[in-house]
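Given chain S's structure and the hints, the job is docking chain U onto it.
So the sequences go chain by chain: S and U.
By our numbering, the letter at position 66 of the first sequence is numbered 66, and the numbering carries on one by one without gaps.
By our numbering, the letter at position 20 of the second sequence is numbered 20, and the numbering carries on one by one without gaps.
Keep in mind that a hint or two might mislead.
As the list makes no split between identical chains, a pair holds if one copy fits it or if it spans any two.
Stated by the list, open to error - Here are the simulated PhoX-like pairs of lysine-lysine, each with C-alpha atoms no more than 25 Å apart in a straight line:
hint	residue 1	residue 2
1	K62	K42
2	K108	K42
3	K67	K122
If you're looking for bench data, these hints aren't it; they were derived computationally from the structure.
Now for the letters of each chain:
2 protein chains.
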Amino acid sequence: MIGSINHIAIAVHDLGVASAHWRERVGAVVSAPQRFPKHGVKVVFIAASNGKVELLEPLDDKSPIAKFLERNPDGGLHHICFDVPDLIASRDQLLATGARILGSPDPKIGAHGKPVLFIHPKDLTGTLIELQQA
Amino acid sequence: MIGSINHIAIAVHDLGVASAHWRERVGAVVSAPQRFPKHGVKVVFIAASNGKVELLEPLDDKSPIAKFLERNPDGGLHHICFDVPDLIASRDQLLATGARILGSPDPKIGAHGKPVLFIHPKDLTGTLIELQQA
Numbered sequence: 001m002i003g004s005i006n007h008i009a010i011a012v013h014d015l016g017v018a019s020a021h022w023r024e025r026v027g028a029v030v031s032a033p034q035r036f037p038k039h040g041v042k043v044v045f046i047a048a049s050n051g052k053v054e055l056l057e058p059l060d061d062k063s064p065i066a067k068f069l070e071r072n073p074d075g076g077l078h079h080i081c082f083d084v085p086d087l088i089a090s091r092d093q094l095l096a097t098g099a100r101i102l103g104s105p106d107p108k109i110g111a112h113g114k115p116v117l118f119i120h121p122k123d124l125t126g127t128l129i130e131l132q133q134a
Numbered sequence: 001m002i003g004s005i006n007h008i009a010i011a012v013h014d015l016g017v018a019s020a021h022w023r024e025r026v027g028a029v030v031s032a033p034q035r036f037p038k039h040g041v042k043v044v045f046i047a048a049s050n051g052k053v054e055l056l057e058p059l060d061d062k063s064p065i066a067k068f069l070e071r072n073p074d075g076g077l078h079h080i081c082f083d084v085p086d087l088i089a090s091r092d093q094l095l096a097t098g099a100r101i102l103g104s105p106d107p108k109i110g111a112h113g114k115p116v117l118f119i120h121p122k123d124l125t126g127t128l129i130e131l132q133q134a
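Chain S extracted, bound-state conformation:
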């Protein structure tokens, strides 16, 4: 059911500093920042040949990643997103096998304009996994 890895997300306090470190230290190609006010984040994309890394900076204290940064003041790995061919079937399989969906089990439109849901980290190896309709 899980398809390709869509992105790996890293939470950071300051996109400018983080982008400079990725550019200068490991030669990453980093995009210009984009704001996603509905999702409470500002994002840059780092392209690898087979996927992408997203650096996320919270827009304010209510951003979903603000609390994560309180616990992880250096920043850190926040989630992995996988594309799935049928998000509703994935959701139903999760619920049938005892895994919880964060928030409502109805998919929401994610930052990339496609339906997404997040699996409760406690129900999948302590790791926040986003599933996105391919």
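Chain U alone, transformed into the frame defined by chain S:
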């Protein structure tokens, strides 16, 4: 300089439980476990169409991931590994730009039989990054 994403590593207490959750809850195809005693871990691989996820279980208390699991009792995202075309050039660029290498700056042979090094997480957005000679 960074090339493709080689793998995403998740630390877990129990590969059997973790593998079952990934199989049953998100339909992952999970390999049989392999032991890497030199690296202190037992590993299964989850294949996605464009990369792989590795679940790592410590072989004992001295395993490099044992401490991580003490701090993260549910398990969690541990590191990302990127392939690089020239590991020594990557190392030199890291050191020249003020980033630290964990342990000796001389690459070691990693679990996949290729030279690797790990960047200090504090020097790259709080994220443990492994670089592997492509």
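Structure-based check of each hint:
1. For the homomeric pair K62 and K42, the shortest alpha-carbon distance inside one copy (13 Å) is at most 25 Å, but the shortest distance between copies (39 Å) is not.
2. Taking CA atoms no more than 25 Å apart as the test, K108 paired with K42 passes inside one copy only; the shortest distance there is 19 Å, against 37 Å between copies.
3. Both within a single protomer and between protomers do K67 and K122 lie at most 25 Å apart by alpha-carbon distance, with minima of 17 Å and 19 Å respectively.
Of the numbered hints stated above, none is contradicted by the structure.
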